[in-house]
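Q: These protein sequences, in sequence, are chains S, E, Z and W.
Everything in the first sequence is counted per the working numbering, starting at 5 for the first residue and increasing by one.
Everything in the second sequence is counted per the working numbering, starting at 270 for the first residue and increasing by one.
Everything in the third sequence is counted per the working numbering, starting at 5 for the first residue and increasing by one.
Everything in the fourth sequence is counted per the working numbering, starting at 456 for the first residue and increasing by one.
Hints may contain errors.
[As the list claims (entries may be wrong)] 20 Å max Cα-Cα, derived EDC-like pairs, lysine to aspartate or glutamate:
#1 W/LYS663 - W/GLU653
#2 E/LYS275 - S/ASP127
#3 Z/LYS195 - W/GLU730
#4 W/LYS574 - E/ASP572
These aren't lab readings, by the way, just hints derived from the structure by calculation.
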Amino acid sequence: MNIQMPRINRVPFFFKNQNLLIQCGIIFFIIITLTTLIGPFIVPNDPLTANMSERLAPPSSAYPLGTDHMGRCIFSRLIVGAQSTLGITALVVATVALIGIPIGLVIGYIGGRLDTVFMRVADGILALPEFILAIAIAGFLGPSLTNLMISIVFVKWIAYTRVVRSIVITERNKDYVQAAKVGGSSNWKIIRRHMFPQIVSPVLVLATLDIGKVILTISSLSYLGLGAQPPAPEWGAMLNDGRPYFQSAPELMIYPGLAIFFVVLAFNLMGEGLRDKWDVKSR
Amino acid sequence: MLTIIKNRVTQLVVVLFILSLFTFTLMKMAPGDPVLTILNADEMVVTEEDQAELRNKLGFDQPLYVQYGKWMFNLMQLDLGKSYMSGKPVIEELLTRIPITAELTFFAMTIMLCITVPLGVWSAKYVNKWPDQFSRFLALIGASIPNFWLGLILIYLFAFKLGVLPSSGIGSYSQIILPAFTLGFTFAVVYARLLRAGLLQSLSEDYIYAARARGVKEWRILWLHAFRTAVLPVLTIFGLSLGSFLGGAVVVEILFSWPGLGSLAVDAIFNRDYPVIQGYVLLTGVFVVLTNLLVDLSYYVIDPRMKRKEEAL
Amino acid sequence: MLHVNSISKTYHSKPALNDISLTVQHGESIGIIGESGSGKSTLGKIILGLDKPDQGEVHFRGNNLHTLNGKALKKLRRQLQIVFQDSAGSLNPKLPVWKSVVEPLENYPDVIPSFLKEVRHNRKKMAEVLFQKVGLSPELLERYPHQLSGGQKQRIAVARGITLEPDLLVCDEPTSSLDVSVQAQVLNLLKKLQKDLNLSFLFISHDIAAVQFMCERIVVLKEGLAVDSFLTEDLFSQSRHPYTKLLVEMSMEQENKIEENQHFYT
Amino acid sequence: MIENKTTATSENNLLVVENLSVTVRNSREKLIRNLHFSIPQGEIFGLVGESGSGKSLTATVILGMLSKSLEVTSGSVKLGQSEITSLSERELRNIRGKEIAYLSQNYQSFFTPFIKVGKQFIEIIRCHTDMSRKEARKVAIHWLNKVHLPAERVFNSFSDELSGGQLQRAAIASAIMFRPKLIIADEPTTALDVLTGERILDLLSELKEELNCSILLISHDLKHIINRTRTVGVMYGGRIVEIGKTSAVLANPIHPYTDLLLQSRLRLNKHIQHELPTMLGEPGLIAEEGCPFSKRCPSVRESCSNKVPMSSLGTHHSAACHLVKAEREERYVTR
């Protein structure tokens, strides 16, 4: 039935206002960014200095969250760790989007054989999920953050190309694109003016949600010891460090885990909020 | 249908070829000399002659394409070489681990289904009411929580604090609950949202309205008319996120000391046991491709329209 | 001006058009009638150069439309514009409508349509003039398509169609997605513009009454074949093709019923 | 004279809609206002209106399938003795498909696309009776033959393997299996070609005679239904602005909306017109107070923003317009 139903807002508790999701997310995001940028200058202790006499110390004024198994300040390590985790993630997502979007635009718009070839290649690459690829690369080339980033980028750009491509393919057959062609607009102009605006919001949503996913992937692999190498204060690696002690000192794993959880949650909240606001369908 | 399968299988062969080329290249790019690793050069004195002899035996002195050809030939016969560590054939190592991982995956997926379907249907039925909000809340948590951390928390709670479930090991059903739940939960709640969206979409179709107007019972409408197409987006995403699922399985295996394929692979990485890593990568690659093939084919079973459309072209 | 020379087109091994020929003179309007699946929209697309025929050719002002490339094609395209059926789909949802209207003028900086002489330097002003020409208030300039009604959107599509003062305007079912009370408005507008700008029309429709109102000559398409072609005043002639007669009869039956009633009472 | 209730509830009326109003839940937005009409046994009643007039929503209310975001705020819908608006979901389901049948414009999505048509026939039959699959199949084949379809083939087809005309016929077959009292046909021919559409309407009227049921024929275009209906209601902005014997309405369109709708319709003419008569504005323009058409009406006056009651003219014709009394009455032609 084509009866237009007015949207009714009668949603319980904190989802009442859809924008609230974004607002929560944005507040989190600002806190996180600030922490990342100025954090390293204000941390109470050097995150790398071990002090074996202060091992597994409880929270105190000197060590706000206590110390780890090597007597390093957990709080300082968390703050500094934010920088490496988030910095890497931002870099990865930006690279991926910069590679994926133009390819998707061109392939989707031109279509035909080029598109078929691309889809084959994409299928081939997707047979190697980023996690497995990361394992492969870490396995053959040795575990390191750089290798980890390469493997994520290598697989992830396809997701962006796919999203962009599928939008472009639906849009390019619509009458308004035909009308623009009839009106003498060049292909470049059609891509720039008519296609690009269509992909902005879906790609932003995708990227926001991907930041969370990439953080999770990086920290999982670091947890396995395939990403950041000790003694770097990376959250996943910190969790791995704390593992032998977590029966006696669970806070070693609780704090970094919480940090990861909240940061990812922030980006997910923002992504969900933006998706609702722009009414982006997941493809 | 046959032509479709034929097309897909051709695709599959191409994909597998790329995959094999890729792993072979990576293996050749790997730093360190496998010959020295095998001869355990760190601890023993190895002569040039010994090295040359082994190199010749392994065929490493031949041109790359010959090596690849031989390697491919062996691969066809499921011969992936021998593990540097245990000296056993890689295929044997893999085969002993597959059932262990399969068990974990099977239980995780069962738990996943048991959460996804009811939660998805429930929240679609009460859109924007509290069940829907609850499932949204769960999905946000599920998408934000690192699954190894969830596992750690679960171990801490159930094994250490409550002492009701074992923290690791394999063999009994009580031991499988925590790892399977850890693996299944994060995916289940996210898929539940997808299922909900799919259901809302298909419930708003004109043919659902028409079926209601014909007096068809509500449960038939939900399960026979609406559910089918609602599953499609979930299946698509499942196919695409299968990699993360397998990745999650690796993490969970390590976390719960589950001696499956993941543990094997991680051990192999730290021991630079290249044939095993290669075997693992190839195996998962084949698995992912085959599963996606199944997902693709299931579309045609679920919605016969697609089949006819494709055949008409 | 436009010569369509026995074109054929096949889609998925089904013939969509079979050996169609027609000519359009300057200032003339030709109607194409056909039911769904008759190939009438395909014909429109081929004439615009948006699609290629399998056989035959389209000559516009002496040039073969489907062998031209680049600049020459662009130059020729200026004279060939279109109004689509679905007014909602023919405007970019992310652009304010006035930008859609003046887009063709950006692409042809040298073209100065007679009615835009004074304002050619100013995009917004041009849009205003064009809006006026199709009977829309300038308040609507900044709106997005979803903020407008079906009739308003179709007027905007018409405005875009005439922006370049083309020789030939292809109208592909311009009224069939509109409400009944709006159809007549849009048809009147199109007819008025045709007179004012001396346009040629290729008017594609399934509605025989609309075609009769708009066109001087009519071609009847059935399953990709041109079964009948005649001057509009001969529509009721006995020598029409049986299919045309059937269409006319259907339409007249309803009419007669109304008139019968009106006579009955008066 | 205000139309009184005695005429509306007279014995032979199958469907009686009285004073029906539908609003968006928790808001004041009225989608249907004080709707009032009845359909006698064995007759075809036409409901005409453009987009936003509420004609399809009316069908939804009669089927008892109103979305949860909407609510009936007043009035009643009576089918025979049962009051639709107060039936339980279960009772409604028993009526739907059995006593009230539905046909839609969108023939392509009438049957669920991935289930064979025949299976869906069996489903309907078994939802309403205890027939075995075998018996149900026989019944389905019988009715498919009845609408002049190649029954076996259609029975074993998916809906996208059939043509528009075939699908609409199959839809009709599925609708009449239980000899319903009322068939709601919501734009059954709009999406079809003219010729196919006419044949579908022929079939419907033929079946109506045979089954002695009533039909509610909904359309956006007067010309689609004037040939077929005995009575017709014209809707605008959620209200019926004019209702009466089709012939009387055609001869004396009282409400300016009906009048203009008739005048501005596209028609074949012996002499070609130079300009079509038009009506101002678009169907989205609906006045909140008084006559909903007043924003587009050429003869609008101040009193139009007050409540406009239905006034009767002749025995079978009434309209909600102040002009009725003032001007039109003297011009009204009676037999």
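Q: Does each hint hold? Answer for all of them.
A: Hints and how they fare:
1. Distance restraint check for W/LYS663 and W/GLU653: the Cα-Cα separation of roughly 15 Å lies within the 20 Å cut-off, and the hinted pair is therefore satisfied.
2. With a C-alpha separation of about 16 Å, the suggested pairing of E/LYS275 with S/ASP127 holds against the 20 Å cut-off.
3. A C-alpha spacing of about 8 Å is found between Z/LYS195 and W/GLU730, which places the hinted pair at or below 20 Å, so the restraint holds.
4. Restraint check: the Cα-Cα separation between W/LYS574 and E/ASP572 comes to about 15 Å, which is no more than 20 Å; the hinted pair holds.
The earlier numbered hints are all upheld by this structure, with none contradicted.
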